[in-house]
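**Student:** Now that you have both chains on their own, put them together as the hints suggest.
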Amino acid sequence: MSARGRLIATLLGAGAVAFFASALQRLGLNPLSLLEAGLLAMTPLALAAVGECLNEKAGVVNIGLEGILLISAITGVWAAEIFGSGTAGLLGGLVTGAVIGLVLGLVSVYGRADQIIAGMGLNIFALGFGPFLLISLWAFPGIHLFPEELMVPRLRTPIGGISPVTIAAVAVAVLAHLLLHRTVLGFRILAVGEKPEAVDVAGLRVDRLRLLTSTLGGALCGAGGAFLPLAWFGGVVKEISAGRGFIALACVVFAGLEPLLALGAAFLFGFAEGFSYAVAVTPGVKERIPFYFVSMVPYVTTLVVVALVIGQRRFPRTIGRPYVRE
Amino acid sequence: MSARLRLPRPLVESLATIAVGLVAGGLLMLVFGNNPLRAYQALFVGAFGSLEDVLETLAFATPLMLTGLTFAVGVRAGLFNIGAEGQMYLGAVGATFIAGTFPLPPLLHVATATLVAMLCGALWALPPALLKIWRGVHEVISTIMCNWIAFHLSTYLVIYFLTGAGRADSTRPALPTARYPVLFAESTLTAVIFVAVAFCLVVYLYLWGTRAGYELRLAGENPEAARYAGVHAGRAMLLSFGMGGLAAGLAGASQIIGRPPAWSLYATLGNVTTLGFDGIGVALVGRSHPLGGILAAFLFGALAHGGRFMEYHAGVLSELVRAINGLIVLTLAVPELWAIVRRRLGR
Chain A
1 MSARGRLIAT
11 LLGAGAVAFF
21 ASALQRLGLN
31 PLSLLEAGLL
41 AMTPLALAAV
51 GECLNEKAGV
61 VNIGLEGILL
71 ISAITGVWAA
81 EIFGSGTAGL
91 LGGLVTGAVI
101 GLVLGLVSVY
111 GRADQIIAGM
121 GLNIFALGFG
131 PFLLISLWAF
141 PGIHLFPEEL
151 MVPRLRTPIG
161 GISPVTIAAV
171 AVAVLAHLLL
181 HRTVLGFRIL
191 AVGEKPEAVD
201 VAGLRVDRLR
211 LLTSTLGGAL
221 CGAGGAFLPL
231 AWFGGVVKEI
241 SAGRGFIALA
251 CVVFAGLEPL
261 LALGAAFLFG
271 FAEGFSYAVA
281 VTPGVKERIP
291 FYFVSMVPYV
301 TTLVVVALVI
311 GQRRFPRTIG
321 RPYVRE
Chain B
327 MSARLRLPRP
337 LVESLATIAV
347 GLVAGGLLML
357 VFGNNPLRAY
367 QALFVGAFGS
377 LEDVLETLAF
387 ATPLMLTGLT
397 FAVGVRAGLF
407 NIGAEGQMYL
417 GAVGATFIAG
427 TFPLPPLLHV
437 ATATLVAMLC
447 GALWALPPAL
457 LKIWRGVHEV
467 ISTIMCNWIA
477 FHLSTYLVIY
487 FLTGAGRADS
497 TRPALPTARY
507 PVLFAESTLT
517 AVIFVAVAFC
527 LVVYLYLWGT
537 RAGYELRLAG
547 ENPEAARYAG
557 VHAGRAMLLS
567 FGMGGLAAGL
577 AGASQIIGRP
587 PAWSLYATLG
597 NVTTLGFDGI
607 GVALVGRSHP
617 LGGILAAFLF
627 GALAHGGRFM
637 EYHAGVLSEL
647 VRAINGLIVL
657 TLAVPELWAI
667 VRRRLGR
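First to last, the sequence lines map onto chains A and B.
Residue numbering for the first sequence follows the working numbering, beginning at 1 and increasing consecutively.
Residue numbering for the second sequence follows the working numbering, beginning at 327 and increasing consecutively.
Chain B on its own, in the form it takes in the complex (with noise of 0.2 Å):
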């Protein structure tokens, strides 16, 4: 490769993850019977053909910009925070409750609505905080329990406080007041995209440009030096969940206020499951920072809506992007990998 092309070597390394991950999965389809070469003809074209498309791939993406956060915060801090799923849900929650019971004046309904969503999902992420903290709980256990609780009491409140009138399938659905508006008349993409790119933003100049942020990075990337340097770990810890409580919050609300045509919970919350987890793919391939994950979300979000015309016009089954995702987390994981194929190259 000449002197002239050459890319930052963590830009190349995601990239052959991620090809790698599609290799993956198309051996897994010629195991079942399909024919890659047409299914990622149509994943690619489901995500980019048309200008529609586009603005689609990146109503998906906005969501996992900011699950991919929460968990790339809290590996900045040392930390496995694998929660946002829950969190999400009781983002979600919290943006259905106000937005779909309280009239309130029509800028004033959305702002409230999703700082109360972000509230919600920073109150979930602090029980494994203070855990980890006061008792040395490993946040991979507690995040996880944590996530299954939400799911049942996110389940409970729905059906029990918030479904509409009429209606069991999902909540009474956000008051037109209380509803990012739409960009595009084609496509899902709303004006949230541009809170969530904002809150990415935010994070990255705090974690870069404060003194705090400093320190959560000390903390997580030598936690000896931290202590020396007098940086205490537990602030550090309770700051990198509460802020990607917040983002994981706020991803919740995307998809309740920020996303048509429902407005509304879905009583198996079945437009928010599994964004929280894809939000782990998306933070390591963004290198666990702000902005490389917006980057990262864009991929992520190009896989989760072609997929979508994969299924349809290549008829392999969608949920199969989600194994792509958990593959190329599996080789990001393999340091060893990129070592030998530089070995191979010579380099």
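Okay, chain A solo, but in the shape it has when bound (with noise of 0.2 Å):
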């Protein structure tokens, strides 16, 4: 599909989603409230998704997101406690996830790694890690609640509370877009991956740029997983991370690595996801449908949205794979 026919799509996605919203006020569900709850849905999906945009574009895969997601949650939560400060907490996180891209990074390009494994090595040590993290921390199985003012406050809008959080993430998006497509430094991102050797020839750093792509999209990625207990749920619990790592690389796919479309996918599955938590609490819905089926909404809709809209992709021709000077 073309960028002129992703964006068409996903122009229709959001002209169902807005048909959708107004069928379902009619039902007795609120709208705004789903709006809401689609943003913050949205927020970690962009964060994760955008950072990876530009590092798949280098040609770089981090499959590891999962597990970037769920130990910089943690992470984060910790930090903030630490530092007293919901913010401090954010930055934790995005350090967290910056290092762990860094070490990715350094993985892929000096290791030559098999990306797709290291990525599945990190998802299995966040497994294992987090839950081990979370017992060491604070001695406490599987769960932590923190004190309610770390909360990063929502803003205050007609449409209701917005997280500060959410706007960074549509002004990264759209950064990111001009970045990649504006500078120079884009430009030498989008060459390393497509002609990696032309890059070197031409006296610039092939590893720097992907250990630079791979760090910035970890930090991204940690952001937005310390969003996730300190921006919307309030407390950290093992299983946080709850396949959205996965989401958002069906976001990068979806998107065909355009940091904007990224955007517009994850508001698409974040509206999805929020949609389950308003349907599993509307009266008259919630006694009908098992909450399980409900919850396999974001899942089935990231399944069905990658399986229609696939088709004919245009990736970097040297994604996925090491660079070897010749």
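Hints were generated in silico from the structure; no laboratory data involved.
Careful: at least some of the hints might be erroneous.
Under 7 Å between C-beta atoms, here's a sample of chain A residues computed to sit facing chain B [to be verified]:
1. Ile124
2. Pro290
3. Tyr292
4. Val297
5. Thr301
6. Thr318
Ideal placement from N, C-alpha and C gives every residue a C-beta, glycine not left out.
**Tutor:** Structural data, given as structure tokens:
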């Protein structure tokens, strides 16, 4: 599908969402609360997906986003408690993500790793390290609630409470788009994904560019991870990432690596998730549809959307492959 | 190293990778104020200290060799099937359904429950396979989505249809006629291990002894050559997903009708969760080979069983074992590591 086709698909999706919302209102669901929930659910997806778009444009794949979300959600809360501030917690998550992204970048660039397997390794590591951290830090298995004043406050707007992080995530998507298509650094990132040998011959460092995008992608994902407990749930559990890292990867695939389209996809999937929360608490609906089916909505949506729109995509020529100087 | 001591390189590399994972895990222990030496001593004694412990290690290895097989067969066909987790949930549900609900004659009951579990696993592997073949959907995304859908679906089925009378924490237990016999009274090892090993052997013979198996491997190793040779790529994928699903379904059954004392599925799915992901490490350490997987599963089973002792005797949380598994996989992903080591050793 062409860029224009994807744009049309995104707009159609947004139209469908609007239509859907008005239909729900008749059922007694408040579309504004739905939008509020959708925007919250969009934020971590958008941050992770936009970062990964930059990373994959440079030819590196990180399927360990899920693991970064989980670990940085925990370290984010930890940092927030140490510094007594939710914003510091977000920064803590960002730094955690950056460090993990950097390590994975080193492994990919200098270790010439199979990036899919390395990313899986990171995810499995997080599956054990996350619960381990939860118990080590707070001596309480599986869950940790923190003082409410550490929550990053939401902005009061006419359409409901919007997190400043959500606005930042939208800004990041726009900035990433401008970076890629309007700056010299962006052109270099694109070039390093397509023709690393040319970038090398031009005297630029392939390794440093890829380490940069991997670290940046990890940092954004880490901020998204810390967002989950600190600006949304108010607590951290060992399953807090719940497949969102992979949904973010689906956004990247959907978007054909374009940050703005990834934002659109994140909104679509975020809306599906927000919808599931809204349905789960709607009187009259919640008695009839078991909660377990409602919980499937985001995953089923992701599967269906990816299956419908995938078609022809154009990925960087060297994606997932290490650069070896001849 | 002298020539007569030389082991096959893959084996040495796999063992070295495990060593790297353990060392990195030890560093993590130091960071959090534990004594790694004491922890690993407890782990080793826990896993191999007595005959009962070795048997228990084997019991832990049984599901892992199967979920490892799921990933390994995928890799052989050029796929990253990380859906063993969800396929295993459905297998466990299928086994529970037959074993706990229908009274059948003894041998027939075990066989039916096992087969239904395997078919449930294979059925759950079908959507990602078809999405890959028809729409080119990457299996990493589709299998993970299916894992989460399977989690919610299985929890729903357990709570609404399979829960035992008067208990909310687990399903009604498998009827005695549907249980694999316990081999030694001191351990939870049952005869299901023979079925698991036999299934691995059958897959090995199939992959290396039949035309369809050869085509599957060719499609994974060299897709272009496979195309020229007239190999139907879609069929190879379907076969690989199907076999993987059967294995994962059997893994699920092994935890329900082949594992005392519960003989049932917990409502949290707690006695099956993460066994599917652990299989990825098993498959990679086993070099995506069904027989290598059996050996690797024994090692990972030792880590899992010994990890409980580590928690008890050295105060190191057993969750760290899974983190170590992840570090092992990460290390395995880096081929350059071995090139660097060899260069340093001047070989």
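**Student:** Now look at each hint and say whether the structure bears it out.
**Tutor:** To see whether the hints hold, each was checked on the structure:
1. Ile124: holds, 4 Å
2. Pro290: holds, 6 Å
3. Tyr292: Check passed: Cβ of A/Tyr292 comes within 4 Å of chain B, closer than 7 Å.
4. Val297: Because about 10 Å separates A/Val297 from the closest Cβ in chain B, which is outside the 7 Å limit, the hint is violated.
5. Thr301: violated, 9 Å
6. Thr318: violated, 17 Å
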